[in-house]
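Q: If you want the building blocks of each chain, they are given just below.
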Amino acid sequence: MSSPPVIEAKGIGLVFQTDDGPVEALKDISLTIGRGEFVSFIGPSGCGKTTFLRAIAALEHPTSGTLTVNGMTPEEARRSRAYGYVFQAAGLYPWRTIAGNVQLPLEIMGFSRSDRAERVRKVLDLVDLGGFGKKFPWQLSGGMQQRASIARALAFDADILLMDEPFGALDEIVRDRLNEELLRLWNETGKTIGFVTHSIPEAVYLSTKIVVMSPRPGRIADVIESPLPRERPLDIRDSPEFLEIAHRVREGLRAGHAYD
Amino acid sequence: MKSVMPILTVLLALVLIWYAAAVGLNAQWTRDQAARAGVEVSFSDILSDTLSQARPKLPAPHQVAVELYQSTWDEEVNGRRGIVATGTLSNRSLIYHGWVTLSATMLGFAFGTGLGILLAVGIVHSKAMDMSFMPWAIASQTVPILAIAPMVIVVLASIGVKGLIPKAIIAAYLSFFPVLVGMVKGFRAPDGMQLDLLKTYNASRFGTFWRLRLPSSVPYLFASLKVGIAAALVGTIVGELPAGASAGLGARLLSGSYYGQTIQIWAALLAAAALAAGLVVIVGMIERVVLGRMGMRS
Chain A
6 MSSPPVIEAK GIGLVFQTDD GPVEALKDIS LTIGRGEFVS FIGPSGCGKT
56 TFLRAIAALE HPTSGTLTVN GMTPEEARRS RAYGYVFQAA GLYPWRTIAG
106 NVQLPLEIMG FSRSDRAERV RKVLDLVDLG GFGKKFPWQL SGGMQQRASI
156 ARALAFDADI LLMDEPFGAL DEIVRDRLNE ELLRLWNETG KTIGFVTHSI
206 PEAVYLSTKI VVMSPRPGRI ADVIESPLPR ERPLDIRDSP EFLEIAHRVR
256 EGLRAGHAYD
Chain B
93 MKSVMPILTV LLALVLIWYA AAVGLNAQWT RDQAARAGVE VSFSDILSDT
143 LSQARPKLPA PHQVAVELYQ STWDEEVNGR RGIVATGTLS NRSLIYHGWV
193 TLSATMLGFA FGTGLGILLA VGIVHSKAMD MSFMPWAIAS QTVPILAIAP
243 MVIVVLASIG VKGLIPKAII AAYLSFFPVL VGMVKGFRAP DGMQLDLLKT
293 YNASRFGTFW RLRLPSSVPY LFASLKVGIA AALVGTIVGE LPAGASAGLG
343 ARLLSGSYYG QTIQIWAALL AAAALAAGLV VIVGMIERVV LGRMGMRS
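Protein chains in written order, with the working numbering: chain A, 6 to 265; chain B, 93 to 390.
Okay, chain A solo, but in the shape it has when bound (with noise of 0.2 Å):
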């Protein structure tokens, strides 16, 4: 890649003072992440890859070490609007339509009414909900408001998604279709992801890169570039490649002590 790199991380570390004293959650991290790559982050609980994820994000704040988003510091990129955060639940607003809450960021940043409308429709059709912009929340299925979720985050021109654990609530049925869905829209957007997970199928299934994270302190154990292509329809999961690649995850966590 010869574009700078959207995100860098040179040595990070984070240190939560708890009342039981300091917490080591990160550990020299570091890594480098490039336009329209689809990273995974996966790991035990513990592991720090959703804290990382939220530093990247600036919800959480580095002790140590220098991150970088866009080139900006992540306060500098948060306040540009840099990403969308899609978080493990929806989070939609029981009180809005689907189109009220997709368009919520688009009020806060002062879009334009015509400009707003617009917008929402076409992301509403990216997730294939077309014709839901008027229903509630409470009548749609728990996927279907996690993908308005993922609409919200993607309703505003941010050029990286984060991710954390998005389908970690949703049965193994809706997730198979539902990362599908993100395949799609990633090769569709172009955007840049980050995406937390716990599914080692779903990593590797998405992900051009698999960051393997152990816990205790939270670090590094492994990066794995994948060689699967772009276009991957669902039944890559039986290839030899895709076995291989989802073995070296596991060995990566195992090495990490992950299975302690």
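Check before you lean on any hint, since a few could be wrong.
A few chain B residues that don't get close to chain A, going by computed Cβ distances all over 12 Å [said to hold, decoys possible]:
id : residue
1  : 110
2  : 140
3  : 181
4  : 217
5  : 219
6  : 223
7  : 277
8  : 319
9  : 353
Simulated restraints, written as ranges between beta carbons of each label pair [to be verified]:
id : chain 1 : residue 1 : chain 2 : residue 2 : range
10 : A       : 176       : B       : 291       : 27 to 33 Å
11 : B       : 222       : A       : 25        : 22 to 28 Å
12 : A       : 114       : B       : 242       : 51 to 57 Å
Quick caveat, the hints were computed from the structure, so don't treat them as lab data. All C-beta atoms in this analysis are idealised placements derived from N, C-alpha and C, irrespective of residue type, glycine included.
Please build the complex by placing chain B on the supplied structure of chain A, with the hints as guidance.
A: Leaving out everything else, chain B in the frame of chain A:
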């Protein structure tokens, strides 16, 4: 029908207990009168007398019902001073006194709700205000309202403020607190994830308040309003008790107790209870409509 039966059963039981208590409490007077006149009284005499005394210790339910009818419909429609004869409400009718109380209640409730919401906004957004103001708000509610009400009335009267305003202030004093407590909780109802989401949009504090905290607080608002409006009514009635008030349900209670008109007292009490129940029901109906429209059915 299923929901009505339990209520009717309880009501019936209450009325029966009430009758029994009326007979028990009023019997002494009947016996004293009989002893003074030197006549014997049978049990049936006692029964009929205790339920029809002019100034009983405890009036029987039907006496109160008759009084309620006479001091509302009968007074206004057939009375010399009624609205049918004169075009204005009679100052002897509970409708008139209820209206006086209701208007002060609504004004005080509006004051109190506004004050409670404003203070809650301040407390949620300012740590200093949270630390400094909240203890005072709690302390204010531990002072007996009966001790404060006359002072408010007298002090305000001395600077020429009389009538509706002093009563409304006492109503507001009682009703701001539940609204304050409820709204502080309501404004803080959004969880960390919701607040983080708005942070990723770089939303301002005002944007966060307007788009997230305020809508999230609506269910809490209605819960507080129900308590607040009943408290406002109590405050108004207490404000009408000190000497000087000539109108309102509180004044009606006071004059009834001056002249030993127990039936009048009980009629005014029931009117106040009905008024409070009606107000709470109205708030509840608005709540259902609003929360239904907001997709938050309670």
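Q: Work down the list of hints and note, for each, if the structure agrees.
A: Here is what the structure says about each hint:
1. Non-interface status of residue 110 (chain B) relative to chain A is upheld: no Cβ of that chain comes within 12 Å, the nearest being about 46 Å off.
2. Its beta-carbon lying about 61 Å from the closest one in chain A, residue 140 (chain B) satisfies the requirement of being farther than 12 Å from that chain.
3. No beta-carbon of chain A comes within 12 Å of the beta-carbon of residue 181 (chain B); the shortest separation is about 42 Å.
4. Separation of residue 217 (chain B) from chain A is adequate, the least Cβ-Cβ distance of about 18 Å exceeding the 12 Å criterion.
5. Every C-beta of chain A lies more than 12 Å from that of residue 219 (chain B), the closest at about 19 Å, which supports listing it as non-interface.
6. With 12 Å as the threshold on Cβ separation, the claim that residue 223 (chain B) sits away from chain A holds: the shortest Cβ distance comes to roughly 21 Å.
7. At roughly 18 Å from the closest C-beta of chain A, the C-beta of residue 277 (chain B) stays outside 12 Å, upholding its exclusion from the interface.
8. No Cβ of chain A comes within 12 Å of the Cβ of residue 319 (chain B); the nearest lies about 23 Å off, and the non-interface call holds.
9. Separation of residue 353 (chain B) from chain A is adequate, the least Cβ-Cβ distance of about 52 Å exceeding the 12 Å criterion.
10. In this structure the hint that residue 176 (chain A) and residue 291 (chain B) lie 27 to 33 Å apart at CB holds, the actual value being about 30 Å.
11. Against the hinted window of 22 to 28 Å, the Cβ-Cβ separation of residue 222 (chain B) and residue 25 (chain A) comes to about 27 Å, which satisfies the hint.
12. A hinted range of 51 to 57 Å holds for the C-beta pair residue 114 (chain A) and residue 242 (chain B), which are about 56 Å apart.
Hint compliance for this structure: every hint is met.
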